[in-house]
Every structure is written in C-alpha cells, then in structure tokens.
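Colleague: If you want the building blocks of each chain, they are given just below.
Number of protein chains: 4
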Amino acid sequence: MSHNSFGHLFRVTTWGESHGPAIGGVVDGCPPGLSLSEADIQPWLDRRRPGQSKFVTQRQEPDEVRILSGTFEGLTTGTPIGLMIENKDQRSRDYGEIAESFRPGHADLAYHLKYGVRDYRGGGRSSARETAMRVAAGAVARKVLGTGITIRGALVAMGGDMVDRANWDWAAVAENDFFCPDRAAAARWEEKLLALRKAGSSVGAVVEVVAEGIPPGLGAPIYGKLDAEIASAFMSINAVKGVEIGEGFAAAALTGEDNADEMRMAPDGTVQFLANHAGGILGGISTGQPVVARFAVKPTSSILVARRTVDRHGQDRDLVTKGRHDPCVGIRAVPVGEAMMACVLADALLRHRAQVPDAPVSTRLPRN
Amino acid sequence: MSHNSFGHLFRVTTWGESHGPAIGGVVDGCPPGLSLSEADIQPWLDRRRPGQSKFVTQRQEPDEVRILSGTFEGLTTGTPIGLMIENKDQRSRDYGEIAESFRPGHADLAYHLKYGVRDYRGGGRSSARETAMRVAAGAVARKVLGTGITIRGALVAMGGDMVDRANWDWAAVAENDFFCPDRAAAARWEEKLLALRKAGSSVGAVVEVVAEGIPPGLGAPIYGKLDAEIASAFMSINAVKGVEIGEGFAAAALTGEDNADEMRMAPDGTVQFLANHAGGILGGISTGQPVVARFAVKPTSSILVARRTVDRHGQDRDLVTKGRHDPCVGIRAVPVGEAMMACVLADALLRHRAQVPDAPVSTRLPRN
Amino acid sequence: MSHNSFGHLFRVTTWGESHGPAIGGVVDGCPPGLSLSEADIQPWLDRRRPGQSKFVTQRQEPDEVRILSGTFEGLTTGTPIGLMIENKDQRSRDYGEIAESFRPGHADLAYHLKYGVRDYRGGGRSSARETAMRVAAGAVARKVLGTGITIRGALVAMGGDMVDRANWDWAAVAENDFFCPDRAAAARWEEKLLALRKAGSSVGAVVEVVAEGIPPGLGAPIYGKLDAEIASAFMSINAVKGVEIGEGFAAAALTGEDNADEMRMAPDGTVQFLANHAGGILGGISTGQPVVARFAVKPTSSILVARRTVDRHGQDRDLVTKGRHDPCVGIRAVPVGEAMMACVLADALLRHRAQVPDAPVSTRLPRN
Amino acid sequence: MSHNSFGHLFRVTTWGESHGPAIGGVVDGCPPGLSLSEADIQPWLDRRRPGQSKFVTQRQEPDEVRILSGTFEGLTTGTPIGLMIENKDQRSRDYGEIAESFRPGHADLAYHLKYGVRDYRGGGRSSARETAMRVAAGAVARKVLGTGITIRGALVAMGGDMVDRANWDWAAVAENDFFCPDRAAAARWEEKLLALRKAGSSVGAVVEVVAEGIPPGLGAPIYGKLDAEIASAFMSINAVKGVEIGEGFAAAALTGEDNADEMRMAPDGTVQFLANHAGGILGGISTGQPVVARFAVKPTSSILVARRTVDRHGQDRDLVTKGRHDPCVGIRAVPVGEAMMACVLADALLRHRAQVPDAPVSTRLPRN
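Here the protein sequences come in this chain order: A, B, C and D.
Quick note: the first sequence, position 205, residue 204 per numbering that gives the first Met the number 0, numbers continuous.
Quick note: the second sequence, position 324, residue 323 per numbering that gives the first Met the number 0, numbers continuous.
Quick note: the third sequence, position 222, residue 221 per numbering that gives the first Met the number 0, numbers continuous.
Quick note: the fourth sequence, position 236, residue 235 per numbering that gives the first Met the number 0, numbers continuous.
It is worth saying that the hints were derived from the structure and are not from the lab.
Remember, predicted model here, so these are calculated numbers, not experimental data.
Incorrect hints may appear among the rest.
If several chains are the same, the list does not tell them apart, and a pair holds so long as it fits within one copy or across any two.
[Stated by the list, open to error] In the SDA-like style, the derived pairs of lysine to any residue whose C-alpha atoms are separated by at most 20 Å in a straight line are:
1) Lys191 - Thr254
2) Lys87 - Arg65
3) Lys321 - Ser17
4) Lys197 - Thr254
5) Lys191 - Ala249
6) Lys321 - Ala194
7) Lys142 - Arg352
8) Lys87 - Asp45
9) Lys191 - Leu303
10) Lys87 - Pro289
11) Lys197 - Asp257
Using the sequences and the hints, build the whole thing.
Modeller: Here it is as structure tokens:
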C-alpha cells in the first residue's frame, strides 16, 4: 500500500524531488540472470531528457543513471535494483513567487492543503522530473519482457490536431521533435508549437502506446485486470486526464456488431482476430493481439500568460509562471508512457506465470 | 496483491460466478461504530438490479443481500463485513454453444487460454453479476464517507448521442430507465434503444460520476493518486474501455490558458476555483472541488446478430448469442460507477487521515 | 494491507464471528486445474473440529464446509474460491457476565478500547472459531503444493512436559487425543489433563510443524523471508506467544561450530546437510532440508478459577469463565499450524516461480 | 508484495549489497511536518556501527547517512524519504574461497540455488550490513511515535548465560559493549567472549526489546496482529531463529491461573493490569501495557574453525571463514531490534488511526 510504489511482483518505488540532490528508484522482484548495466537504461533516459529540442523545457540535465545495487558482474541477482540520478541543474533562482502563490493547474494548493509543508522548488515531488525514474524502471522491465515484445509510443494528437493513421510510419517517430508517426502532422505541429511558444501559451496532446508480441493470459481479473493496471499506470503520469484502451471512448458510439472482434482459425492453428477494437484485452486479460492504449495530457500549466490565483496568505494574485517553458508536456510523456506500459506488462507476466506456469504463449488452442 | 480485491485500507474482496450458488464479498478495514444493516445496502442493489426495465437483461434476481459478519447490534465492529447474495435465476438451459465457442467481445477465449478451464455458464467469473457486490460494498463506503459527501452518476451519452448539459437535472435521473439527467435525451434514447433491441443489436454509452463535498487532500501521490485509483476502479468494471477526469480527453485540445482553473479568495476565507477543468483533482490530490469522472462502456457483446468466431476444437463457427439480451450494458453501469467512486473515496479518506490526521477539511488556508 | 487477509499470491481472507450466522473465507490466486471439492477439505476440518475428545471444547459443530465459487466440474478455475461454514451451535445462553466484564487473557478489553463496540458472544471475531477457515484454506494450499510435499504437526510439550524425541513416531499422532508423537508422553499428558480439567485449570503447549519435500529457493529476502512469513503466520494463531525455526531459542546457547549445518556432496550429485539446526531455512530461503518450526501456545484463558478483573462500567469484579471448557487450546492448534505452514509454503512457491521460473527443484548444483 | 519492503502505511524499502557502492532505503508514508535531519538518524546508526569494540566486526564504516528526499527546511513533507549510506570499507581482498564455496550457516547455497547468480562479496544482499538501513528507518519511526513512547533493547542472554532480572538497570546498557542491563552478567560475558574470540568460535544471544508508553488499540486482527507483525519483523533480522512475546515459550509451561494478567481499576479511572505475561498484547492488539518481545540470535556462522562444506563445482571442501570476525552477532542486533519495533509500532499507529481516528489513548474506559 505504498504511495510511491507501482506494480506488484515487478515493483517500482521512486523517491526524490525536482530540486533535491538526487532522484532515485528501487526495482524489486526483478528476475535474476538478466544482463543489465547502465548502458541498457541510459538510451531510454536520453530519449526523455529535457533540453533536447526547442519544444521542451530547457532544463539541462545529463540524467546519468547509476545502478547502485542488484547486479553483479553484469547480471541481475534477483535483489532490489537501486537506481539514482543526481540533479545537476538546480539553478539558483528566486522562488519567491512560486513559494508564495499557488500556480493554477499545478499541485501547489493541493499539496499545501494536504501536507501543510511543501517543497515548492520546481514543484518538488509533483514535478515531472520523477518520470525519469519511471523510464529507468521501464528499461529494466523491457529486459524482463525480452526481445520478443515490442513497446512503442507516439504522439497522435496535439491541440486537437490528430495524426492521419493512413500516414502512420513508426520510423517517422524518431525523425521529428514530437514522436509523431505522421510526417505531415509533424510539420503542422512544428508551426503550431512555435506560435504557441511565442505566445507563452501551451497545448495538450494524446499519446498512444502499442505493445506487440504480448502472449495471451496477462492480467488478473477482477481488480488486477490488465486494462485496469494500464489505466492506473497512465493516469499516474503527470498531467494525464484520460486513458483509453483499444477503441476507447469511441466504442461508446458503436453498435455491438461493429465493435465485435470476430475470429477465425489461421492455417497454423492459432486463433486470428479480424479486428482489434478491444485493444488486445478482453475480460481484463490479454488476447495475444497488440495491446493498444492512449492517454490524454493536458496543456502545460506553467504558461507566460497571467492567471488569477491566490497566495498562501489568502491574498488574490495574478501570476505568470516564469522560468523554463515547455509548450507541450505531452511530448516528453511518450517515453514515459512506454515505460509504464513495460512495467505493467512485466508485472503482469510475473503474476501470470506464478499462477499458471505452463500457460500457452500463443493463441494456439490447447487440446481438450 | 490480491487479484480479486480492491482498495487498500477500505478493502473489498469479491468472489462468485454468475451461475454458482452465490456471489459474495468481504469489506475489510471498515471503521467501527457505523450504523449498518441490510436496509442500508438493499436500495442500492435494487437500483442496479436486472429485470427492471425492458432495456436491461431480463434475468430475474431479487439480489437480496445478507450481512454475515462484521456488525453487532446494528453497528459495524471494525471486523470484516461478510456479504452474500444467493443466485436464484440460474435457469436451466443448454450451454452447448457458449461452452464450445468463444463469443466475440467476451472474456471466453482469454479465460480459456489463461486458465485452461472455464466456467462458461453465464460468463462465470467474468459476468457483470459480480458488480452487485461492488454496489453492496459501495453502500458501506457511503457510510464511511458520511452524509456530507454526495456521489451521483448519470448516463451522459448513448451510442454517440450526448446529453445537453444545459438540460442537466439530477432529478431526471430517477425518472427514466437510463439514469439520464436530460429529459430530452432520454426520450431520444428510448426510441433508439427500442429499435436496437428489435434489431438484436446493442450500443455503447458514457457514464459520468460526480462526487461533491469531498475534502481537499484525498489521494496519495505518486502512484496512489486519486485519479489513478479512480481510473483503475472504473476500468475494472465490465466492458469499460476508457476513463477520464474532469475535462478528460478534451483537455488535450485546449491551451494552457483555457484549461487553467483560476482561483480567488472567497469572503469566508476559502479558496474558490473559477472553473473545474481538473475535475477536482490536481497532482493526484483532491482540491475540495467536485470530483468529476467519466467512463466509456462498449456496446453489449452478446447480440442476436451472427458473428464469426471459433470453437474450442479449433473450428470456425458463426455465433448468435441467445438468451437474455441487454441492449446497453452501460445503463446498469451507472450504480456500479457510483459504488466504485464511493469505495475509492472511502479508501482515500482512511489513507489520508492515517498520514495527516489533522488535515484541513476545507480550502480555508492554514495560517503559516 | 488487508487486516484479515494472509499471504500474497496465495491469498486467504477470512470473515465471521464465533456466534454469527456463518464463518467464511476466500482463497484468491489459486492456480487453475487443480482437482478440488469439499471432500478434499472436510477431513482436515474434522481433525480440528471441537467436541471430539474430552480434552477440547464441547461445542458441537459439524463444521461442514461449502465451496461457493472458484471450481467448475471439480477443478479450480483460477478465480477466487469462496468457502463457508454455517455456525450451528450458537446455544442460547446468558452473555451477561462476558458482555459486561473483560476476561483476563482474552481480547475483550483490547477490542473494547480499540473499536468501542464488541461482539462479545463467544469472543466474536477473536474466537478460535476463525481457525476453521485457516484449516480449510490449508487444505487448498496442500493441493497447490502437490503430493510431493508433506506437512505434519505434533504437540511436543504440554505444561512443560516435553516429548522424548527418541520415542518420536508420526503414526502415534493419530492414536491419541493430543497429536502427540510420543506414546509415553501421551499417557502422562492424559493423566495430567484430566486433573487440570477437574480443577477447572488449563495449561500451555508447544506445537511443532515439519514440512518435508520442500524444494530449495522458497522465501524472498529481505522482508519476505520464509521464516519471517512462518513467524507471522504462527503468531497470528490465537493464544500463540512464541515462534521458532529449527534450533530456535536453543541456538542462542550454541557455539558457531555446534550450530553449523555442515555439507557434503552425495553420490547422486546433490548437496547433503549433515545436520539441520537451521530448520531448513538459511538467509530466509529454503535449502531443501525439512522445514521445522515450533510455536508456543499459552494456557487457555477461560478457566473455572476466579480471576480479578474489571467491567465496562469501571467496577472491579471477580470472574469465573463459565461455559465450555478447553483445558489445553494448544491441542487443536496442531491442525491450524499445519494449515498455516501449508499456506505459507504455497504462497512462497508461487512467488518463487514468478521470479525464477526455471529454478532447480533439488539441491543438485547447477553447472556453472 | 514487495520482497524488500516492510510495513504497510509506514513503509520501508531497502536496497544495497555489502560491498556495492552504497546501501539505501526509502521510507514512504511518513506523516508531514515532523522535524527530521541527518542528526536525528546518525546517533542510532552510530550505536549499531561496526568496529566500535573488540567484540564486533572490525569493518570500519563511518555509516554516514544522507537524506536525499522527503524533507524541506528541516521538516518531513509527506513524500518518500530517500536515505543512503556509502560503503567505504570495501577492502580489496581475495574472494576466491567464499566465491567458490558455500559457507555453512550462511545464505550462500540458498542464494546460489534460488537465483543462480550470487554477489558473494561479504555476503552481498544477505549481509547484516542491510540492517543499517533498518536502524535509519527506525530513527524516522521514532519521530512518528513521538517522545511519549520509549523503545529500548538489551541483550538478556549470551551463550545460555542469562541476565539476572533483579539486577536490571537500563543505565547499564550504555556502559558495556554488550547492551547488557546486568553489570554482573556483562562482566562474565566479557570474559567469555574474549575466550571465544581467541578460539575463533562464536556464540548466540537473546535480545529483549521493551516499548513503553504504547496506547491501547495498536494492531489489527486477524492477520495484522501486532504480535504477528513483531514476529515477522524480528524474524527478518539476520541470524534470528526465534521470537517471543511477553512470557513467550515459558507460557507453554504455565497454568491458566498463573498466566492470567488480572485487572483492577486504578483511582484515576484507568484499567491497571496486575501482571504482564501477555507482553502488552491481547488478541493481537496492544493493551496499553509495555510491549515486551524477545528474539534469539544464532551464533555467528563465520568462524575460524574449519567446517565441512562443498563448492559450486560439487567438490567437498573444508572451510575456514577468514576475515573480520564477529564473535557474537547478537550484540549488534540490539539496535536493529529496537528499530524494527519502532517501525512496527509506527505502522500500527497509522493503521489504527486510519480506522479508528478517535480511539482512546489510555486504558481509561469509554463511557457507554
């Protein structure tokens, strides 16, 4: 029942504040014998790292991760993996305004009312900086899942402008600053974001994460359903306000006939689905189809446009959030969403094999 | 890490299959000294009960709940509350087809592949019958929350036809068969559902749940965020494919200025929000505003229109799901959504007061 | 974090009071495909059942267990197993004294101070009646463990009179009323208990549980150590005041040389221990040797000798606990201890195979 | 279900190996607003620190703890408290023998069989070095408990030589190298240990921990009983083989009359117990009396006397464990036991106030 832990058998605990000396995490329950070093984690962190394009916060953090425990001679040992990243860019600045006032859309007031004390520097614990540890844990989770499972994320909408799925190209994701799989959309977004940035404004986005190669059977009904775990994982990411699986909210507008994922036997004896409205999950259990999930990220709350608020002394204030500006936090949420998906799946895999060690790994029907 | 338990300090465990002798649940962690009898639970079950209108399944279940433990002389004792409902309407029928084939959109294949054995009668454990226990637990949760907190649900869209919020009247919810707060929409839906029912089809829906009177401070970042708990709770409900908080997916299309919930001091010394895009939750913590959440329910998978599928012997089949037909399972999900919200909030309340026993119960700012 | 649940992956939740309508339990996480019916559970309950000899409480309970969910056509389905036993012998009696006064050695005062309300009938939730559900769950756990693992308990001391290990014969356990493996001791105990019973007194006992056929690797350091789980399991049994593993407290008086379990290779390539001071557990992990654990049960607190106490109105009282008298509750704790050991081991087995699915099942050394 | 976490609401997770770069821990769920700095933790670590007398390991570790998160301006913020101690004395040495052979009494073989890989340097994760983090967490737990609660430990037996309780003086504990409350016993032990050390042998010990000022009501039956939590906590400490509460194993030899803790009303309206055989816990719930618990520590397994064992290649070996020698690991277990007691009580306190926020804090009877 740990507030700062996620997962059950593949269990991630994080600690650290935006402007403290370091952030860190512990991955407990990782199977032994997996090859793991910092080099396996760093590339994923680099993808999430701020300061890499003009569209994300300019905080300069090398985000160099250290593995402090849990490996020996390059292999995981089954003991907890301690991870740490030192905070470098704690630039000396005046926190007066943020210390005194509650930024609209931020956790400031909520933390103040709940805890009474609040580390206001850069948002403290509520900062998206915490997500670096999720990405690090996700890299470990990928090791658990093995190379047969692919988890990829993309930004599929920005400020209401959606990608055209006909243009979808996973290769495009690495080519632009938005993790956008549609080159045409990426071009539009670039223009749009430049304008928003100039205006000191911000915009929301939708992230899609697709996991392929997933065996059937992951997920544990009723309350450990795979989709429920994904929903919790995604909703725990900063600024996320919605989560959907497969057809998602659009399913609410469909008829039963249209939403059915019909099935046929394939020549190789496996069950083939003729559609994937379900997003790879039925009854809370993976079906062997790709797991498809999306989450909505609200627009960055820190903007250069003055907003009405109050301060801790109960005075009305008009507040402009100065400092590094990130016009679309949804962009950096892509690697975070991938990481959370990896963690959820690794956890579900361990749970599944605990209960059903000899379960089938494909949709080939067991004889009976 | 129980698969069939929900919550942490207010902890609900359910058991039972659709056509077994009974379904039941255990509510653990309930505070002592609360007045509780079957009469406190039965009305909520009656609201969810099947067979009450022509738009829901015609299964006839009195759904009479018995409290088997945890109360003494009308008061909760702090020990686990055992609840049970006997299954009455296990009508004798031929399960041949459903036993042999995997119904598209149902958990059949997933359970078959995961577990190898499957109680196919009425969907077994994956049946929505399990939600009766959620409603019973929700009734207990309401006792924990007390009378100052109101939790109400409504159907806000059916088959893509949304309510007009200008017409919203909570009183209307009890007047129609849809829990619809917009009388005009209810009239349209009635017509629409009759046609769908006649056609043997079905349709999806969106449910909104609003909790008012919530104190600030509920929710425990990072991974016990109130919205993450709600997301998990709602996504665990049968047929749910999406969850959103406050503005939800629409937030992804807004700018930071438009999405900001600005604040001003009220004359009584409390902080007042000028909008509620956040749905009452910031940084995973309740702000004192109404908590607003929605979930999307897919169309009923059991339809009278033939769909392509396979059987357990690996043969292609075309399947019509006979039996009781429920053209919009989203309707009965309304009381379930309310119950899950109640359970999440009761749990969050206990967690909050464990860590911060003297936290403020309003947005009146603490002096400091 | 459920107060009334035990275990992690093989998870048992119990509910019910001594004199309520029923007691029950839920076993969650049980693997699918195991043959299970009431006939697998009932014999273990019969062993624990009261009223079977003159040395245990004369409450007459058939203790007929019903499986209400989680099996289908004689096999476990992987869904929660709901278990229930109706309470039959809730004899009409005057609870005046026990309702008003706090029995020394019982939970009465503690429950009263903690919860404010208290089901005083027969001790309510604190009654040893709850242990029937542990025994039922233990029967399921034995199914999970399979026939290669044997778990047996025995009473090894009563009132300070210990068995002579030279006389140990497991066959003797079923021959006397004490689960005593030493026929000579059993004869002495019979005489002793008859005298104590006549005097309205009671006496404590020590129970030993031995599990054989345990694979190495069970237990998860640091805080999920197998011995820590056993300690928690045993200490949660009513009236238990001490737990020890292997040499236990006697190890505190040994030297390192004497306490070392030396090793040699056996001709079959397995590691053989030359002693078992460790009780089959090193570093919290099973070694493949028999797991040996003991627990101390205090004398029955309900005695016919007057003791000084107070009542709920703050008046001094002298109290004789009338009613059914059980001169040595330690006797009936033997099947309960076995059951808890079975539950702990089943849970550890599932945890172990989640993390290390291909771990060796004997002490044959892996090549490396 | 984290293997390396302890507690529920006051939750401690540790990581790190004996000879890795650092060891660390995370304390989650700590209430906000408590004054906390390194200076609050360091003295407790200093008490546990090796190399302080000739009777404990000569490893030289300053054990300087750093708080990396969870505090702001000297106060806890309610967010996870990250703690770290760098390992300094990882002396360069030849691990050949310990890398190849399995030391009797150590976790070597068990880890090898379970995990396949093993960090053999100094015992890796199974090293008692991990207990430094327990002591650090215990210091935080003491803050949660407040100054009204006193937790003190003492060594009450060494190698079978027990203290005389008539000589008990808490002040003596700080005066000798053994945390011994009996000056006469301390003198005898000094002589004894010098001889054992010279002989390269070792000896076991018994530690007693007493917590005073405990309010009634802590502990949550049935499976979260306070004594079950203490049993698990103590048994998880390295080398512990037995745990007992109050009278403990001695209770098994008593009659019901002798074991009863009789009660009388005190003039101030509180219930007074006339004895404390129960060790302050009845029915798993604290009674307001001092909580008294003991644990048995086996003799140090690393001794300079050759023992028979095998190596990883399946060869018989005779092994002398060279290196720093600790003739009685029980000594350093005293501060660890205190810390575990503090953690258990802090956790129980949070759980109790979550469920029963207005429970009485003394044995003064509520009016009803």
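Colleague: Of the hints given before, which are not true for this structure?
Modeller: 10
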